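Student: Below are the chains, spelled out letter by letter.
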Amino acid sequence: MSAAEPITKSQLFLLLIQVQIGFGILYLPNTLQQTAKSDGWISIILAGCTVQLVIVLYWLLLRRFPSLSYFELTKKILGAHLGYIFNVIIYIYLILTSTYILIASSKLVKNVLLTFSPHWAIGFLLLAVCIYLCSSNLQIIVRVFTILSVSIMFVILLSFLSFSLPIEVMNLTPVGSSGMSNIIKGLKESLLALYGFEIILFLYSSARHKGKTFLKVITFSNIFVVAITVYLTVIAFVILNPAMINQLKLPIVYMFRPLHFTMIDRIDLIFLPLWSIPVVMSIVVYIYFASHWKTTAPKKNNYFVYINGAIVYVLFLLASKSDQSFELYAKYLNSISYVVIFMIPFILLLFSYILKKKEHPS
Amino acid sequence: MKKFTIVVSCIFILLSMTGCWDQTNLNKKRIINGISFDIDEQNPENIQGAVRELNLRGSGGGQFDLSDEIIEADGVSVSKINNELVNKISGDMDISKAFLVLVGEDLAKQESISSLFEPIVRSKQGYLTSKVAITKGKASEILSLQISKSPIAFYILNLFENAEKETHIPKANTFTLWSEVVDKEKDAMIPYIQKSDLNRVELLGTALFKNDYYTGEVLSIDQTSLALFMQGKIEKPPVMKITNDNEKTDEFSVFVEKVKQKSDLTVDKSSGKVQLTIKVDLYGRLQSLAGSPKKVTNQELDKKASTFLTENAKEVTEIIKEAQSDILAIQKQLNSKYPDFLKNHEWEKVYKEIEITPDVNMHIQSSSNLK
Numbered sequence: 001m002s003a004a005e006p007i008t009k010s011q012l013f014l015l016l017i018q019v020q021i022g023f024g025i026l027y028l029p030n031t032l033q034q035t036a037k038s039d040g041w042i043s044i045i046l047a048g049c050t051v052q053l054v055i056v057l058y059w060l061l062l063r064r065f066p067s068l069s070y071f072e073l074t075k076k077i078l079g080a081h082l083g084y085i086f087n088v089i090i091y092i093y094l095i096l097t098s099t100y101i102l103i104a105s106s107k108l109v110k111n112v113l114l115t116f117s118p119h120w121a122i123g124f125l126l127l128a129v130c131i132y133l134c135s136s137n138l139q140i141i142v143r144v145f146t147i148l149s150v151s152i153m154f155v156i157l158l159s160f161l162s163f164s165l166p167i168e169v170m171n172l173t174p175v176g177s178s179g180m181s182n183i184i185k186g187l188k189e190s191l192l193a194l195y196g197f198e199i200i201l202f203l204y205s206s207a208r209h210k211g212k213t214f215l216k217v218i219t220f221s222n223i224f225v226v227a228i229t230v231y232l233t234v235i236a237f238v239i240l241n242p243a244m245i246n247q248l249k250l251p252i253v254y255m256f257r258p259l260h261f262t263m264i265d266r267i268d269l270i271f272l273p274l275w276s277i278p279v280v281m282s283i284v285v286y287i288y289f290a291s292h293w294k295t296t297a298p299k300k301n302n303y304f305v306y307i308n309g310a311i312v313y314v315l316f317l318l319a320s321k322s323d324q325s326f327e328l329y330a331k332y333l334n335s336i337s338y339v340v341i342f343m344i345p346f347i348l349l350l351f352s353y354i355l356k357k358k359e360h361p362s
Numbered sequence: 001m002k003k004f005t006i007v008v009s010c011i012f013i014l015l016s017m018t019g020c021w022d023q024t025n026l027n028k029k030r031i032i033n034g035i036s037f038d039i040d041e042q043n044p045e046n047i048q049g050a051v052r053e054l055n056l057r058g059s060g061g062g063q064f065d066l067s068d069e070i071i072e073a074d075g076v077s078v079s080k081i082n083n084e085l086v087n088k089i090s091g092d093m094d095i096s097k098a099f100l101v102l103v104g105e106d107l108a109k110q111e112s113i114s115s116l117f118e119p120i121v122r123s124k125q126g127y128l129t130s131k132v133a134i135t136k137g138k139a140s141e142i143l144s145l146q147i148s149k150s151p152i153a154f155y156i157l158n159l160f161e162n163a164e165k166e167t168h169i170p171k172a173n174t175f176t177l178w179s180e181v182v183d184k185e186k187d188a189m190i191p192y193i194q195k196s197d198l199n200r201v202e203l204l205g206t207a208l209f210k211n212d213y214y215t216g217e218v219l220s221i222d223q224t225s226l227a228l229f230m231q232g233k234i235e236k237p238p239v240m241k242i243t244n245d246n247e248k249t250d251e252f253s254v255f256v257e258k259v260k261q262k263s264d265l266t267v268d269k270s271s272g273k274v275q276l277t278i279k280v281d282l283y284g285r286l287q288s289l290a291g292s293p294k295k296v297t298n299q300e301l302d303k304k305a306s307t308f309l310t311e312n313a314k315e316v317t318e319i320i321k322e323a324q325s326d327i328l329a330i331q332k333q334l335n336s337k338y339p340d341f342l343k344n345h346e347w348e349k350v351y352k353e354i355e356i357t358p359d360v361n362m363h364i365q366s367s368s369n370l371k
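These protein sequence lines are chains A and B, in that order.
Going by the numbering used here, the first sequence wraps up at 362, each residue one higher than the last.
Going by the numbering used here, the second sequence wraps up at 371, each residue one higher than the last.
These are computed hints drawn from the structure, not numbers from a lab.
Being a predicted model, the structure only gives us computed values, none of them experimental.
Ideal placement from N, C-alpha and C gives every residue a C-beta, glycine not left out.
Errors might be hidden in some of the hints.
Here chain A is said to cover these stretches of chain B; the calculated rule only asks that three of the stretch's residues, wherever they fall, bring their Cβ under 8 Å from a Cβ of chain A [stated by the list, open to error]:
#	region
1	177-184
2	323-336
Subject to a maximum C-alpha distance of 20 Å in a straight line, what follows is the list of computed DMTMM-like cross-link-like pairs (lysine to aspartate or glutamate) [claimed, not checked]:
#	chain 1	residue 1	chain 2	residue 2
3	B	K97	A	D265
4	B	K195	B	D40
5	A	K210	A	E72
6	B	K124	A	D268
7	B	K80	B	E45
8	B	K262	A	E168
9	B	K321	B	E311
10	B	K124	B	D22
11	B	K352	B	D268
12	B	K273	B	E348
13	B	K337	A	E168
14	A	K249	B	E118
15	B	K171	A	D265
16	B	K184	A	E168
17	B	K124	A	D323
18	B	K332	A	E168
19	A	K107	A	D323
20	B	K314	B	E355
21	A	K110	B	D94
22	B	K97	A	D268
23	B	K124	A	D265
24	B	K29	A	D265
25	B	K28	B	E69
Generate the whole structure from the sequences, applying the supplied hints.
Tutor: Written as structure tokens, this is what we have:
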């Protein structure tokens, strides 16, 4: 990994926004309607602030060990044994997250695009592309993400089309009517949609610019993602009314459906594949880092990539595709993610300060 | 070994090409271009549904034969009708291009509109931009008309699109209807059509809804235009003709080019009285004037038009109040401005006693070619 070229600022930015943008946003207006209602956008902004706080703490931790990968860092701070246990937990998290994204995307493709195709085929095709990309090195992955960021541009352009639908700004007023407690509840939901930023932990050692420049880049990427999330949620709220959002599973996909032009219909069927590209590709990043915790020699890693790919596919096949079990799965993953995203980094940060552990520039 | 892997993976990828499962051949498709719902006359509990299907048959040499026929079925619910239709149509029934949904007025009064549209909105295929209309008399009678060679749905589609452009009817489709029916704070209005004596389709105005049901009240086309002005929902400056036909000799008409709308909602806290003032400013040019060259000034015409239109707008507000149809989204405005008011007051009562004051002002800016 160290032999490869380091990641530049713009590459880091584009990689992060694509990993952070996920399927969660598509469901978000519906989940927010249960709690914060039309004040959901406030919840998202607050969630964005929380994420910002967390990534600053990540940065405080990471800048003490600029050249160590995250898996090495845990061992360095906590010692070989405890570090190993932590690494296993992180590994499990990475594999489960990849599986989760795979299930979510194949469910979405099946529900909206290809109704008659079986899950195993959709999942296999999605995963096959990811594994192929994964077997190369980080530099290539990052370059692919740079090209794929065009799809985000298209998504933003498509969203402008929705302004041709009747818009009801009164759906957002009065601001703050749902009360502080509901907004805080909504914050929790919005936080789920913003997950993906934890990948920062693995990227620091490969970044070209460290220190303050790194913090700036990750801050901008967070602001960008939060802005897009707020923007799409607000559009969904003004185009669809609250009662409708309550009924719809995927409000942000559905709001493109009534768009109608002489040349083209059903914009939702164009929106969804475009949106899926970066989301599915974030599996690549998760599997890549899951495969690189034991060794850094590039040849051997491919071996791990295929094994991890197989594990993800088997887990994907085993998982029931019903809505209920999917929700349950999300709940379990959610509790692990609390440990990996919040607890472990904080423990590491705390110990690194208490034990005064720091990488010495050699 | 490497070759073997490539061959095996190629086979697997070919097998799993997902398109194979989801493909349908065009010649097996039966494309539905219009749907109608009515009350079943024999059994009033049932809904009678009819579809106009387009049959494409290749006749060789890249040519296609088009035939289009009407197929009827009845059942207690829309999904029942759907099942029955599937068995009556030879081929894959495809509703993803159903441009038109007509509902007979008797059914619309009796059956909740959301139960009719729910399967369309829920399904993956359902076409949300299909035009919707209430029909005077039976809807299937209009759907089965054969005016020209092209299907009737396209004829009605063009009729509606033109009327929308002229601000004669609101832009209503399955999506807007569903969104307004689901939204408890606003009511829907959709076009109202009838079969004329010469077997043509004629636009009469708009049908007013209250929640899920058609109220039976209809606004004429002129009234609909005024109602749309009062809603302030004009995307493009509409070109609309307003005729003052109080007295034949005084008649004149104006092309409206720009509309400004401002509404103000106030609640008297002590008496709980709700007042809505809607100010509409119309800017336009003279289209025709009896007794031209004119002997009157623009200001005089402005004044005449304003009084006449305000009078008419009052009539409109009376009709919608009578029908209890909240097409002006007053409840939404009320909840947005006074969030606690409706917690203590019942909406139905509030709406009955609400005072709506329309104030339409005409500003004629030019008299076109003649002085």
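Student: Against the structure shown, which of the earlier numbered hints fail to hold, in ascending order?
Tutor: none
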